[in-house]
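Protein chains: 4
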Amino acid sequence: MATKQELIEFMRNAFPQSKSSVEEVGNLSAVVRRKIGADDLRPGGTVSGPVMFEVADVALYVALLGEIGIIPLAVTTNLSINFLRKPQADRDLLGVCKLLKVGRSLAIGEVSLYSEGSPEAVAHAVGTYSIPPQG
Amino acid sequence: MATKQELIEFMRNAFPQSKSSVEEVGNLSAVVRRKIGADDLRPGGTVSGPVMFEVADVALYVALLGEIGIIPLAVTTNLSINFLRKPQADRDLLGVCKLLKVGRSLAIGEVSLYSEGSPEAVAHAVGTYSIPPQG
Amino acid sequence: MATKQELIEFMRNAFPQSKSSVEEVGNLSAVVRRKIGADDLRPGGTVSGPVMFEVADVALYVALLGEIGIIPLAVTTNLSINFLRKPQADRDLLGVCKLLKVGRSLAIGEVSLYSEGSPEAVAHAVGTYSIPPQG
Amino acid sequence: MATKQELIEFMRNAFPQSKSSVEEVGNLSAVVRRKIGADDLRPGGTVSGPVMFEVADVALYVALLGEIGIIPLAVTTNLSINFLRKPQADRDLLGVCKLLKVGRSLAIGEVSLYSEGSPEAVAHAVGTYSIPPQG
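Chains as they are written, first to last, in the working numbering: chain X, 1 to 135; chain V, 1 to 135; chain F, 1 to 135; chain A, 1 to 135.
No lab work stands behind these hints, which were simulated from the structure alone.
It is possible that some hints are incorrect.
Below 30 Å or equal to it, Euclidean Cα-Cα: the simulated BS3-like pairs (lysine-lysine) are [said to hold, decoys possible]:
| id | chain 1 | residue 1 | chain 2 | residue 2 |
| --- | --- | --- | --- | --- |
| 1 | F | Lys35 | V | Lys35 |
| 2 | X | Lys86 | A | Lys35 |
| 3 | X | Lys86 | V | Lys35 |
| 4 | V | Lys35 | F | Lys98 |
| 5 | F | Lys35 | V | Lys101 |
| 6 | X | Lys35 | A | Lys101 |
| 7 | X | Lys35 | V | Lys101 |
| 8 | F | Lys86 | A | Lys19 |
| 9 | V | Lys101 | A | Lys35 |
| 10 | F | Lys35 | V | Lys98 |
| 11 | V | Lys86 | F | Lys101 |
| 12 | X | Lys19 | V | Lys86 |
| 13 | V | Lys98 | F | Lys19 |
| 14 | F | Lys86 | A | Lys86 |
| 15 | A | Lys35 | F | Lys4 |
| 16 | X | Lys35 | A | Lys98 |
| 17 | F | Lys98 | V | Lys98 |
| 18 | A | Lys101 | F | Lys86 |
| 19 | V | Lys19 | X | Lys4 |
| 20 | F | Lys86 | X | Lys98 |
| 21 | F | Lys19 | A | Lys19 |
| 22 | A | Lys35 | F | Lys19 |
| 23 | F | Lys19 | V | Lys35 |
| 24 | X | Lys101 | F | Lys98 |
| 25 | A | Lys101 | X | Lys19 |
| 26 | A | Lys101 | X | Lys86 |
| 27 | F | Lys35 | V | Lys19 |
| 28 | A | Lys19 | X | Lys101 |
| 29 | F | Lys4 | V | Lys19 |
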């Protein structure tokens with residue numbers, strides 16, 4: 001297991017250019033926040049798909065490391081995302097992850113993405129991480 | 001919208017051979033129950049994948065018709081299922097569906113499947129239904 | 001690796017009630033055939049979703065065992081299926097699998113499903129199998 | 001239908017900052033090329049997941065517009081991606097899309113992603129686009 005503070009430091013060191021930050025972690029769950037800037041938008045003023053993918057993936061990663069400890073080599077093997085509603089261009093994106101299973105070699109979780117302040121999810125993702133064997 | 005009683009009758013008439021029954025419906029959600037018999041098992045005493053697929057699909061269908069009314073021609077366009085834990089051979093399977101979005105032509109929902117009496121899901125599915133245009 | 005003859009015998013013994021048969025296997029691929037009977041149909045004369053799921057899953061399993069040998073405990077962890085066209089009620093269903101990757105602990109493949117005699121796929125699936133550690 | 005030249009111009013105007021370019025389009029298929037730079041890499045020298053997601057999504061979009069003509073408001077509703085092998089940091093990424101179905105309101109396609117020069121796919125995606133009603 002890793003604490004919120006350990007994860008904040010690990011993410012800052014491992015992904016210094018990341019625009020996502022750890023809000024909460026623990027109990028098989030995590031919340032991450034992503035600042036949205038001009039680079040993240042698509043024509044029409046909506047957040048791009050790759051940015052939403054990224055937030056879902058980071059939320060899964062943080063929730064998983066919160067559970068198994070800092071094992072950086074955990075890698076995404078599958079991520080399936082459904083786009084539900086148009087995100088707001090001027091709001092942070094929040095990724096709320098709940099792990100469905102953490103096995104010996106695989107972990108599966110779901111993530112709901114929200115534009116901050118809106119109650120309805122803009123996207124929903126389910127992803128699988130492969131956990132490398134620990135020596 | 002359709003009531004629980006309307007859905008019970010519709011399902012009984014439209015799918016008379018179905019082993020699934022409607023337990024709850026409403027508020028963008030549904031619960032269906034599936035009796036498990038010898039035909040539904042795989043070697044090793046676990047419930048077969050197609051049976052779990054079927055329960056997920058029925059739960060989505062019931063939740064959707066509860067919301068939009070009895071529109072039988074709604075059809076599944078995609079269903080993605082993750083198998084999490086071994087279901088129990090001697091327990092009913094429960095499918096608990098929550099719709100994530102009901103649009104004009106598409107609806108998306110998630111389903112957690114449980115062996116009755118166990119708190120941890122045996123599978124988790126996300127599916128999309130296509131809603132035919134209404135005259 | 002397992003030959004077509006070995007797989008035909010294994011499947012017959014392990015799943016004696018199965019309606020699917022092995023047509024081809026080898027080179028990271030497989031073809032399975034599924035007889036369609038009255039029990040497999042939905043109102044409107046189309047093949048039910050769970051039957052299509054089953055054929056996709058069997059095709060993946062056969063292709064995988066053809067590659068890694070008869071390791072019965074390989075289990076599906078995820079299967080995502082898109083329904084493309086209405087299958088024909090009076091034709092066998094063919095599942096054509098191509099493995100995309102066979103790793104140490106995970107294998108991933110795609111399956112196209114056809115009503116025999118029609119060139120366009122009725123469904124397309126992508127699935128992941130977990131391969132148990134070999135002593 | 002839209003020609004390769006029309007799509008090159010449309011993409012350049014609509015997404016001027018995009019690093020992807022149209023290589024081929026037609027016959028329900030497309031090939032797009034993505035330059036990989038320092039910003040696209042993850043620790044360990046691999047291409048980031050969001051970049052692979054983006055290439056898959058662009059390849060689907062280009063193949064679809066090649067088929068239905070320049071209808072910019074087509075939007076991704078679902079994208080499921082499997083990561084198969086580590087992409088190379090110093091090679092362009094190629095996205096090869098084949099549409100599986102183009103219906104009235106939905107289109108579905110699959111995309112294989114390659115590091116240029118390597119025969120084995122680094123990722124495989126399946127995605128669905130929603131096509132807006134045409135006046």
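Hint-by-hint comparison with the structure:
At most 30 Å may separate the alpha-carbon atoms for a hinted pair to count; Lys35 of chain F and Lys35 of chain V meet this at roughly 25 Å. Distance hint between Lys86 of chain X and Lys35 of chain A is fulfilled; the C-alpha atoms sit about 28 Å from each other, no more than 30 Å. Simply put, Lys86 of chain X and Lys35 of chain V have alpha-carbon atoms about 40 Å apart, too far for the 30 Å limit, and the pair is violated. Restraint check for Lys35 of chain V and Lys98 of chain F: the C-alpha separation of about 34 Å exceeds 30 Å, so the hint is violated.
For the hint pairing Lys35 of chain F with Lys101 of chain V, the CA-to-CA distance comes to about 36 Å; that exceeds 30 Å, so the pair is violated. Of the pairs offered as hints, the one joining Lys35 of chain X and Lys101 of chain A is violated, with about 36 Å between alpha carbons and a cut-off of 30 Å exceeded. Taking the CA atoms of Lys35 of chain X and Lys101 of chain V, the gap is near 25 Å; set against the 30 Å cutoff, the hint holds. The straight-line distance between the Cα atoms of Lys86 of chain F and Lys19 of chain A is roughly 39 Å, outside the 30 Å bound, and the hint therefore fails.
Proposed proximity of Lys101 of chain V and Lys35 of chain A is contradicted: the alpha carbons are some 36 Å apart, above 30 Å. A threshold of 30 Å between alpha carbons decides the hint, and for Lys35 of chain F with Lys98 of chain V the separation of about 34 Å lies outside it, so the pair is violated. For the suggested pair Lys86 of chain V and Lys101 of chain F, the alpha carbons sit about 25 Å apart, so the restraint of at most 30 Å is met. The suggested pairing of Lys19 of chain X with Lys86 of chain V is violated, with an alpha-carbon distance near 39 Å, which exceeds 30 Å.
A threshold of 30 Å between alpha carbons decides the hint, and for Lys98 of chain V with Lys19 of chain F the separation of about 34 Å lies outside it, so the pair is violated. Restraint check for Lys86 of chain F and Lys86 of chain A: not satisfied, since their Cα atoms lie roughly 37 Å apart, outside the 30 Å limit. Taking the CA atoms of Lys35 of chain A and Lys4 of chain F, the gap is near 43 Å; set against the 30 Å cutoff, the hint is violated. Taken as a hint, the Lys35 of chain X and Lys98 of chain A pair is broken in the structure, with Cα atoms around 34 Å apart against an allowance of 30 Å.
The suggested pairing of Lys98 of chain F with Lys98 of chain V is violated, with an alpha-carbon distance near 34 Å, which exceeds 30 Å. Under the criterion of a C-alpha separation no larger than 30 Å, the hint pairing Lys101 of chain A with Lys86 of chain F is consistent with the structure, at around 12 Å. Simply put, Lys19 of chain V and Lys4 of chain X have alpha-carbon atoms about 46 Å apart, too far for the 30 Å limit, and the pair is violated. In summary, the hint linking Lys86 of chain F to Lys98 of chain X is not supported, as the alpha carbons are separated by about 36 Å, beyond the 30 Å threshold.
In summary, the hint linking Lys19 of chain F to Lys19 of chain A is not supported, as the alpha carbons are separated by about 50 Å, beyond the 30 Å threshold. A threshold of 30 Å between alpha carbons decides the hint, and for Lys35 of chain A with Lys19 of chain F the separation of about 49 Å lies outside it, so the pair is violated. Of the supplied pair hints, the one linking Lys19 of chain F and Lys35 of chain V holds, its CA atoms being roughly 22 Å apart against a limit of 30 Å. Restraint check for Lys101 of chain X and Lys98 of chain F: satisfied, since their Cα atoms lie roughly 28 Å apart, inside the 30 Å limit.
The hinted pair formed by Lys101 of chain A and Lys19 of chain X fails the criterion: a straight-line CA distance of about 37 Å is larger than 30 Å. For the hint pairing Lys101 of chain A with Lys86 of chain X, the CA-to-CA distance comes to about 25 Å; that is within 30 Å, so the pair holds. Distance check on the hinted pair: Lys35 of chain F and Lys19 of chain V sit about 22 Å apart at the alpha-carbon level, within 30 Å; holds. The hinted pair formed by Lys19 of chain A and Lys101 of chain X fails the criterion: a straight-line CA distance of about 37 Å is larger than 30 Å.
This hinted pair does not check out: Lys4 of chain F and Lys19 of chain V have alpha carbons roughly 36 Å apart, beyond 30 Å.
Checked against the numbered hints above, the structure breaks hints 3, 4, 5, 6, 8, 9, 10, 12, 13, 14, 15, 16, 17, 19, 20, 21, 22, 25, 28 and 29 and satisfies the rest.
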